[in-house]
Amino acid sequence: MSVYVGIDIEASTVKVAAIRASYRKTTLVGFGAREVPEGATDAQRAELVKEAVRAVLGEKGGLGDALAIAAEGAKSAVVTVDLPANAQKAIGDVLPFELEPVIPFDMSEAVFDYRMLAAPVSGEKGVTFPVLAAVARTADVRARIDFVKAALGSEPERVGVGAFPLANLVSVTPTLAGEAPILLLDLGPRSTDLVVLEKGEPVFARTLSYGTQGLPQTAPKMAREVRASLLAHRAAGGKAPTRTFLSGAPVGGADVFFSGELGLPIERLPASTLEPEVPNHPEAADPAKYAKALGLAIGLGPKPMGLNLRKGPLAYERGFAWVKEKVPLLAGLGAAIFVTSILSVSADLYSISRERKALEGALGVVTKDVLGESTESAERAQELLGKLTTVADEDPMPHADAFDVMLKLAENIPQSMVHDIEELDVQKGHVIVHGVVGSIPDAQGIMTALKNEHCFSDVKISRTNQVVGGERQKYVMEFDLKCPEDQKSVAGKKPSGASSASPAGSASAGGGK
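Counting in this note's numbering, the sequence shown runs without a single skipped number right up to 513 at its last residue.
To be clear, the hints were calculated from the coordinates, so they are not data collected in a lab. Be aware that one or more of the hints could be misleading.
What the hints assert, rightly or not - What follows is a set of in silico ranges between Cβ atoms, one per label pair, in the way DEER data are often shown: (1) 118 to 232: 30 to 40 Å; (2) 175 to 277: 16 to 26 Å; (3) 61 to 82: 20 to 30 Å; (4) 352 to 91: 24 to 34 Å; (5) 153 to 356: 41 to 51 Å; (6) 337 to 106: 45 to 55 Å.
What the hints assert, rightly or not - Listed below are the simulated EDC-like cross-link pairs for lysine to aspartate or glutamate, each with C-alpha atoms no more than 16 Å apart in a straight line: (7) 408 to 355; (8) 75 to 38; (9) 474 to 486; (10) 451 to 411; (11) 239 to 198; (12) 474 to 422; (13) 311 to 140.
C-beta atoms are modelled at their ideal positions from N, C-alpha and C, and glycine is treated no differently.
Take the sequences, apply the hints, and build the full model.
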């Protein structure tokens, strides 16, 4: 959580407001004020600023996480200029040239901030757009920053201007967020800041030269300046306010007086919706008194509505001291991240361990059913699976096939014999030869010769008959084709003389020798 501190330094009063902002909620730490005596030195004023901050944050509360102050509205200029529509992407470069003719000092010695306003409804859309800018001398703003730094030992992160910090109250004061224009008057001892809000955004601001000092004698002059400012706003195309809220120094009868002079309903600015950390605090009895300080504190949060003069040469830079202050916080965050990482890794490892046990159990069941041995080791399962799927390195080709049979027949038939083979059938290791020879003894001679072949067994002539219309003899010879090598379960290679054809097949040949 961050603590934001707003410091409103006036001629006769120092007001402080602090809020505590977290991700989901913003609370009001408290208010504090110290009266500045007439003729007080800078050292005395600095001590009063320190006392006011301590009154809100306590002796050991430090200075919060960020500070915000406001430059004097009487030493700044607030103007509205119209820029060409094609300059929207270069406003920061174009605006100084547009401001130079309308401000009473040199832009090279000034700092400024701006906000774009909604373009008025007119027939010429997209030609120009209005920009509301606040300008102050660099030396004046730097003097304000140096004063706070000397008093508190820390630089303010934001420097508001005039009544613009009051616009930040819109986020915590629903009354200010309406559609109708609203006038806010912040009464100071020597000056009065006013700002006009339309739809919750600042569109016009002025600092009047009259404050609470001199009242009630100066009241008519103050009212005249307020009316003149509103007329200037109307002349520039602005809408007339329908309600007015007073903040700052409480003045009895001010609401009745201004209501009669301006012809508008006027009331004291209501309290914000921020929940106070210290209920019924005495300083919280009149929250409108600290409206500007509270607006400065809220402006340190996200999406501020006010302007910030810490620009250009005065831009805020966080130094090593700020980093040093954040070391305990960074260390705590680092430790939290480390512990979270350890817990996350531990949870992942536990989940993986349970999943591993489940998978190992399933592996044991599967290996028992498939491999005949239960094991939860992947290496052992691979070993068992390898043994199961290993195939003996045996040559699937037989050592003798149909072509070998034809070759052996040709070798064992004498050259002088006239022999024809009508059909040669080799099926599943069984051979049937249909041949024609000159006589039965010739067939028997062939049978006798084939019996000597080591791959031929059970050679026999199943039948013989004479060729129709001739003297030659037909015969049918059968035998089994089984080599001794094929009967062994020993891996071996086919002899170089064997053919590579299929072990089962049929062939028909005809011819004679």
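Would you list, in rising numerical order, the hints stated earlier that this structure does not obey? Structure breaks hints 1, 3, 4, 5, 7, 8 and 9.
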